[in-house]
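Novice: Could you slot chain F onto chain X? The hints should help.
Just so you know, the sequences run in chain order X and F. This note's numbering puts the first residue of the first sequence at 546, with every later residue one more than the last. This note's numbering puts the first residue of the second sequence at 19, with every later residue one more than the last.
Hint data in this document are derived by calculation from the structure and do not stem from the laboratory. For glycine and all other residues, C-beta sits at the position ideal for the given N, C-alpha and C. Don't take every hint at face value.
[Stated by the list, open to error] Covered by chain F, according to a simulated footprint, are these stretches of chain X (three or more residues, beta-carbon under 8 Å):
| # | segment |
| --- | --- |
| 1 | 569–579 |
| 2 | 591–598 |
| 3 | 611–623 |
| 4 | 643–650 |
| 5 | 691–697 |
[To be verified] Chain F stretches covered by chain X per the calculated footprint, using a threshold of three residues with CB under 8 Å from any CB of chain X:
| # | segment |
| --- | --- |
| 6 | 19–30 |
| 7 | 36–43 |
| 8 | 54–65 |
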Amino acid sequence: MNLEVVIFGVMFVVALGCSLAMLFAPNAVHVALFLVGAQMALALAFLLQGAFFVAAIQIIVYAGAIMVLFLFVIMLLGIDLRESLIEPLTGQRGVALGLGAVLAVGLVFVGVQGADLAAGGGDGAAALTELNQGPGNVKALARALFSRYLLPFEVTSILLVVAMVGVMVLARRISAVENDRRAGVPAAEEEAA
Amino acid sequence: MPISYFLVLSALLFSVGVYGVLARQNAVLVLLSIELMLNAVNINLVAFSAFFGSEGVGGQVFALFVIAVAAAEVGVGLAIVILLFRNRQTVDVDEMSYMKW
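Chain F extracted, bound-state conformation:
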């Protein structure tokens, strides 16, 4: 299979994720869109890993790292969302203007 198929899929998913991050107002849904973007990155890493054959196994290793970092990011992000909800009774990102100058 040509690698460009996977690159196109990855590009489209990443763009959908970017739109989700920019347009959504619920903080949890923003985090979900970030997950979609990380997944798109993983497709790229694995596609190039397969493309370069046995010497490209580092791509798959880095896909694993991305998954691990995503787990950490989700944990911290959701803790912040819960904290915000506890303090302000909303998870709307437009309401979060504590640090706005």
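With the rest of the complex left out, here is chain X:
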């Protein structure tokens, strides 16, 4: 049996198992940790396809930084915030399950059918060796990122700055004095009262 297929099988089971466990874990911290597990498995999937740089970024940025932010907020809000299982919208869970299943069937169908769509492209393994010839993954990625995709790259950096400023404005705690000033109450009058 091909080693690649075995690794893919293990990765598939871990990724799908972790994501399904995400749905049914009652504790928010466990959900976040299951997502980390799924992301580790997906990094393996990227490695299988020769995307070494994306795999490294997946682990460092996604499983590392972003998930730490999530865990931080979960801890900040209190880890004992369990979900109530009472449905305010009757049948919401059932409808969600049905729609999810329909989507899964449709997407799997497209995935299987669409594979012969580009039959000229060869299979993944051949494409992978092709990818690794020439400048190599990281160099090729850098060349594409800083030439052809330079504008989206710069736009993304602006987006990150805007998001950062927006988060600081959103999460700022407005002091009582500042609040009064905005509402038009003079601070001196407040003190006198």
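Specialist: Here is chain F on its own, set in the frame of chain X:
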């Protein structure tokens, strides 16, 4: 490896993420499910990138963009969740009906 393996994995993960977004009530867990969906999209991008060989490196570039945008989205989303928690002492999305007509 046939590309359809990766497409099927991506489709299943995306569907699980959609179910999570629709069925979860905790806003933080909704955001986590969105992360799962973004990850599924990344698998597709990288799979097609490998499928098209050296000319398809743009797929990996866009996977990087998706990760960067996800970081921004998580930052803003969690700030909104914290703000809601501060104002209403709950992160239940069913309770958030401020703007409901």
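Novice: Each of the hints needs a verdict: does it hold here or not?
Specialist: Hint check results:
1. 569–579: holds (count 3)
2. 591–598: holds (count 6)
3. 611–623: n = 7 at 8 Å, threshold three: holds.
4. 643–650: holds (count 5)
5. 691–697: holds (count 3)
6. 19–30: holds (count 12)
7. 36–43: holds (count 7)
8. 54–65: holds (count 6)
In summary, this structure violates none of the numbered hints.
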